[in-house]
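Residue numbers (the working numbering), protein chains in the order written: chain G, 3 to 341; chain C, 3 to 341; chain B, 3 to 341; chain S, 3 to 341.
Just so you know, the hints here were simulated from the structure itself, not pulled from any lab data. Each hint should be verified, as a subset may be incorrect.
As the list claims (entries may be wrong) - Below, a sample of chain C positions facing chain S; criterion: calculated Cβ distance under 10 angstroms: (1) 59; (2) 63; (3) 67; (4) 214; (5) 253; (6) 282; (7) 320.
Unchecked claim - Derived CB-CB ranges, DEER-like: (8) 172(G) <-> 204(C): 16 to 26 angstroms; (9) 26(S) <-> 82(B): 48 to 58 angstroms; (10) 13(S) <-> 46(G): 25 to 35 angstroms; (11) 247(G) <-> 17(B): 24 to 34 angstroms; (12) 327(B) <-> 65(S): 32 to 42 angstroms; (13) 231(G) <-> 148(C): 24 to 34 angstroms; (14) 46(S) <-> 337(G): 43 to 53 angstroms; (15) 25(C) <-> 179(G): 34 to 44 angstroms; (16) 34(B) <-> 81(C): 23 to 33 angstroms; (17) 247(G) <-> 25(C): 28 to 38 angstroms; (18) 327(B) <-> 59(S): 16 to 26 angstroms; (19) 327(G) <-> 60(B): 48 to 58 angstroms.
None of these values were measured; they are calculated from a predicted model. A virtual CB, placed ideally from N, CA and C, is assigned to each residue, including glycine.
Protein chains: 4
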Amino acid sequence: MIITMKKGAPQAEVDRIIEGLEAKGLSVTTIIGANYNVFGVVGDTTIVDEKLIGANQYVDSITRIAAPYKKVNRLFHPEDSVIDVSGVKVGGQEKIVVIGGPCSVEGEEQILEIAKGVKEAGATMLRGGAYKPRTSPYAFQGLGSEGIQYMVKAREATGLPIVSELMSEDKLDEFVEYVDLIQIGARNMQNFNLLKALGKVKKPVLLKRGLANTIEEWLMSAEYIMAGGNENVILCERGIRTFEKYTRNTLDLSVVPLVKQKSHLPIIIDPSHATGDWRLVESMSLAAIAAGADGLIIEVHNHPEQAWSDGAQSLKVDKFKTLIEKGRKIAQVIGREMD
Amino acid sequence: MIITMKKGAPQAEVDRIIEGLEAKGLSVTTIIGANYNVFGVVGDTTIVDEKLIGANQYVDSITRIAAPYKKVNRLFHPEDSVIDVSGVKVGGQEKIVVIGGPCSVEGEEQILEIAKGVKEAGATMLRGGAYKPRTSPYAFQGLGSEGIQYMVKAREATGLPIVSELMSEDKLDEFVEYVDLIQIGARNMQNFNLLKALGKVKKPVLLKRGLANTIEEWLMSAEYIMAGGNENVILCERGIRTFEKYTRNTLDLSVVPLVKQKSHLPIIIDPSHATGDWRLVESMSLAAIAAGADGLIIEVHNHPEQAWSDGAQSLKVDKFKTLIEKGRKIAQVIGREMD
Amino acid sequence: MIITMKKGAPQAEVDRIIEGLEAKGLSVTTIIGANYNVFGVVGDTTIVDEKLIGANQYVDSITRIAAPYKKVNRLFHPEDSVIDVSGVKVGGQEKIVVIGGPCSVEGEEQILEIAKGVKEAGATMLRGGAYKPRTSPYAFQGLGSEGIQYMVKAREATGLPIVSELMSEDKLDEFVEYVDLIQIGARNMQNFNLLKALGKVKKPVLLKRGLANTIEEWLMSAEYIMAGGNENVILCERGIRTFEKYTRNTLDLSVVPLVKQKSHLPIIIDPSHATGDWRLVESMSLAAIAAGADGLIIEVHNHPEQAWSDGAQSLKVDKFKTLIEKGRKIAQVIGREMD
Amino acid sequence: MIITMKKGAPQAEVDRIIEGLEAKGLSVTTIIGANYNVFGVVGDTTIVDEKLIGANQYVDSITRIAAPYKKVNRLFHPEDSVIDVSGVKVGGQEKIVVIGGPCSVEGEEQILEIAKGVKEAGATMLRGGAYKPRTSPYAFQGLGSEGIQYMVKAREATGLPIVSELMSEDKLDEFVEYVDLIQIGARNMQNFNLLKALGKVKKPVLLKRGLANTIEEWLMSAEYIMAGGNENVILCERGIRTFEKYTRNTLDLSVVPLVKQKSHLPIIIDPSHATGDWRLVESMSLAAIAAGADGLIIEVHNHPEQAWSDGAQSLKVDKFKTLIEKGRKIAQVIGREMD
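So here's chain G without its partners, still in its complex pose:
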């Protein structure tokens, strides 16, 4: 951590800051410049609150050198983490996973038909939303527990582990009992109470990046879950908000190699929500595999034009199958496998 103080700072103020840092067991090196006094702080700076130091009127700026996360940091955990989702392994050199299914569970028949379709096409997990975060209070809000039970039936019928989004702590027990991979949506990435609750269970968590959150904030949210005791975290990029209007979000594929540098956690890509347009899903899926992603989560519907939500971004099963076939070949080029 680097602290820059203005040249005219009274010595007493400078000393007070240095003593405060040393009292925390940190060591401080001074660099004298023409216009600033700069201090290098060495030790476990994750415990230092930079906003507190910044309140001193003589402090000009504070810069972190070391990352503020520990448990997610590859520096302290060099080998890849592999997360086991009810038998399907994600990360490291394991096979690239493909999670397929509808945005919303709409009924028993619908989810069973889609589950069989995506399995036949090559998917290794089934997704389906039962509790839906919707921008409008007048839009369909999901089937709730009924939807979860239909997902359970689809798992029984196909053997595919199931993935669904948890929106609040009060349903955590239900998810721990019935769901194989608990998805935390973009809008809840910094719902810290929910993250703390997830830290207390052992179920794998699929943590989506927030719409406008930096990679560092995303990793800090994973740190919340891991610091609580649950190390089963899979990251999921789903596009960020930018000024562009032709796509719903901007899919940031450079996070794949970058997250793999910074962290040991697996990372998968959601091209459906990122683009909001099924016509872009195949090419973005192939690009994600080429970039080194550990998996894909893709919206698939039997009748997209009759879907109750997000039909515009859902693939039909046949197109999903073609995508997987091409994806397998891309995977081979970069030395990975895919079912």
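Since chain G is already given, all that's left is putting chains C, B and S on it; use the hints.
Just chains C, B and S, lined up with the frame of chain G:
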């Protein structure tokens, strides 16, 4: 609502969409262009899910003409709403309110001292965080219920209504009992379960704009609360995330006149979180008043350099007092009053 | 084009707008809603200035249905354009091109060595900056004409067509004489005088997307060049500016399939400027090929740590060669070839 | 400047970097951490190219402490600069200036009528575009030299200094001869050749912030002009590009106090282009004055609904007059004057 379909769309597809809309009680007008067929849809289009229609492969684009919100819409509620916060009125031609206080409640003595200071300076409400949303799991997370009780004591000592942030539904009863104005932070603006729970109580809600949420999404979150039955919503702009790095966020003051066009709800400004720098707070506060804001929420601390959170953006009481004195004069110029 | 007027608009104002549109040869259909009067305007709406209509105080909003570009629009030119750069064909089903070379030409020996290296590795064109747009006036500004002449020598030695950035009209003659593909940098994407000048020559232009320009604005800049008479335009995505700080820019690969829907022009990707980090270049290059890009432009340097500019994002020749070898295999999977 | 190297870096690499820096006359202090070696570099670091150092594979990150600009830096020029525009002084404690006029000069009669109107309303300079940067090649491109001559006539008639936008170097002589304040538009903020040309003349320059440029980049563009020898630079904020869609741009008023901290140059605000909506111009103008701006530049038209460009954001003269009257009173509150 305008629906654009590609020229080559089979008549059966076109008919199916028109029939679907008419079945919902909407009327459809057709416009034939050289390259597109365009349909104008008239009626209560808030019930139409545009993503569903967009799933049709012949649909090129869908554009809403009418706003997707109803209860927050000034079109259907032309007069300004005035929200009563335990006797302090916010909005319309009422006095401009100033909410002052620390980021976090740190102890009984601290909050009492600050409460007396901000009251003496001219504040009409007291803010103080007891449950704190922090990016890092290693940072101070707030005093919780203890902090709320210290706030209650500060209210007893000064008579100032108290404002504090609610982070999850399980504390709602506590807030309804003890807090005068329930703040929903930027990170929870789209925590829809929390919004629904707030719709069931009558306490006033201070709804902060999300870091990267559009004005429309913000108004839709207010709509969630109002649609649930709680019409006591005050909006609060606190800066949005942009590419700029010299300020923590970019304070968007144009939302003040814009929100007043679109909605009848009061809007206040938080210059402390927006800028992240106490040196910018006074000028942004005066600018907010000049722009027509119904109030300000400002971080004030007795010892910012020893604060447990966000010291860098907190004013000392004397500077806060100066700000209020100047603010009163600006208010007069635009025909408003301020205590 | 859809024009929405407020309900209370005087009939005379409504009539005046309709007459103005009809006088331009457009036809107008009226849709009456409960709260708005909506008009659908059919015909060549590229000639209508929406800001002019928006100045009418009774107009609520204006929405374009048809794209504002014509010559770049795939609707009117369904087959892919193939651009011939001194014998190297770009676009359609032609081979994927790889343009390699240093950020800046630093001397004759340097550019010759790199040119031979990239050719041997598989590149089909050579890049090198002679006129450099630098944020700081104190940074190296390029060798100018001397640099162009070294590029010419490198072309003579290797046979590779050369690509270099033009920063102002006064050097256009020099570029037309010596350069094979004229690059327009992100900062000049909306330097309209320069675009007009390029419209008057026949040389192929590599038009980079601006740092914060929408796809529509980018296509409009291509339209400027084509409307002037030069149809040889190749688009190049190089990352957009977002809030993320771990990468220099955010590479938006979804533009590849999207631009191919909207336009017939070829599109290539610059992963070096997008990421600003050589460690991310290989995976982003492979992703770009998988996404369907028509080519890559990559910074390669013999001694990146001694480069005069942008060393941090330059690959060494051996890594560049490995990248091309993997890229060829990805190209095959999606049915394309690459030298 | 702080350089962070990975722990495993070979001593030879470390030494090579340190020697390189010392050879430039800089002094280097070493800080040893558990996971990194950190170096503090003291001296004139504006001459160091961080990208060059970043190319070393053992370098993890580089952070600047000192600002990269010198001539615009308040640190080396503590007193406010006051720029004289043909007798009208801008900056410091001078009167707040108001520049009014149409987006485009459309004819002699139009500009004369508006010039008289804005003067009568209280404006101290006249704006008017003769060369227009337009997104579409099919939109009105301005009257060119003819427009400049009409501006000259308007100056003769009213005595108001004239402001107009220069788009390319080849018209610089014309502007130096006829225009009082040369405006550089947002799209040309990083047209470095144009900035260099401006450095060689003495005419005052109004440098608009780019659509997506940071404050630091903006100050660096001012540095280009000043480093060339022209110290007469006035900065102008005109809104930045964000995800918000209800306004054309997001007006960032916090730049006013921030720029005044970092630099001694005057700063004015353009609320017309920032918002794109005349209904927001008055409140944003008053806010700008309250924030401490040295001036305003506002679009005014006699017949906005017939304007050839940007009518939607133009005020009529009577509203412009009301705005100035209110602005004067706001100016008094903060201790400034306004004509």
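These are the hints, each one checked on the structure:
For residue 59(C), the shortest C-beta to C-beta distance to chain S is roughly 26 angstroms, which exceeds 10 angstroms, and the interface hint is violated. Interface hint at residue 63(C): violated, since its Cβ lies 15 angstroms from the closest Cβ of chain S, which is beyond the 10 angstroms cut-off. Checking residue 67(C) against chain S by beta carbon gives a least distance of about 14 angstroms; that is not within 10 angstroms, so the hint is violated. Checking residue 214(C) against chain S: minimum C-beta separation of about 6 angstroms stays under 10 angstroms; hint holds.
Checking residue 253(C) against chain S by beta carbon gives a least distance of about 5 angstroms; that is within 10 angstroms, so the hint holds. At its closest, the beta carbon of residue 282(C) sits 5 angstroms from a beta carbon of chain S; the interface hint therefore holds under the 10 angstroms criterion. For residue 320(C), the interface hint is violated, since its Cβ never comes within 10 angstroms of a Cβ in chain S; the closest pair sits about 18 angstroms apart. Checked against the given bound of 16 to 26 angstroms, the beta carbons of residue 172(G) and residue 204(C), roughly 22 angstroms apart, stay inside it.
Between residue 26(S) and residue 82(B) the CB atoms are about 51 angstroms apart, so this pair conforms to the stated range of 48 to 58 angstroms. Residue 13(S) and residue 46(G) have their C-beta atoms about 26 angstroms apart, which keeps the hinted 25 to 35 angstroms range intact. With their beta carbons about 33 angstroms apart, residue 247(G) and residue 17(B) fall inside the hinted range of 24 to 34 angstroms. For the hinted restraint 32 to 42 angstroms between residue 327(B) and residue 65(S), the CB-CB distance of approximately 37 angstroms keeps it satisfied.
Checked against the hint of 24 to 34 angstroms, the pair residue 231(G) and residue 148(C) passes, with Cβ atoms roughly 25 angstroms apart. At roughly 48 angstroms, the beta carbons of residue 46(S) and residue 337(G) sit within the given window of 43 to 53 angstroms. A hinted range of 34 to 44 angstroms holds for the C-beta pair residue 25(C) and residue 179(G), which are about 40 angstroms apart. Against the hinted window of 23 to 33 angstroms, the Cβ-Cβ separation of residue 34(B) and residue 81(C) comes to about 27 angstroms, which satisfies the hint.
For the hinted restraint 28 to 38 angstroms between residue 247(G) and residue 25(C), the CB-CB distance of approximately 31 angstroms keeps it satisfied. In this structure the supplied range 16 to 26 angstroms holds for residue 327(B) paired with residue 59(S), their Cβ-Cβ distance being about 22 angstroms. Remark: the range hint 48 to 58 angstroms for residue 327(G) to residue 60(B) is upheld by a beta-carbon distance near 56 angstroms.
Going down the numbered hints, you'll see the structure goes against 1, 2, 3 and 7, while the others check out.
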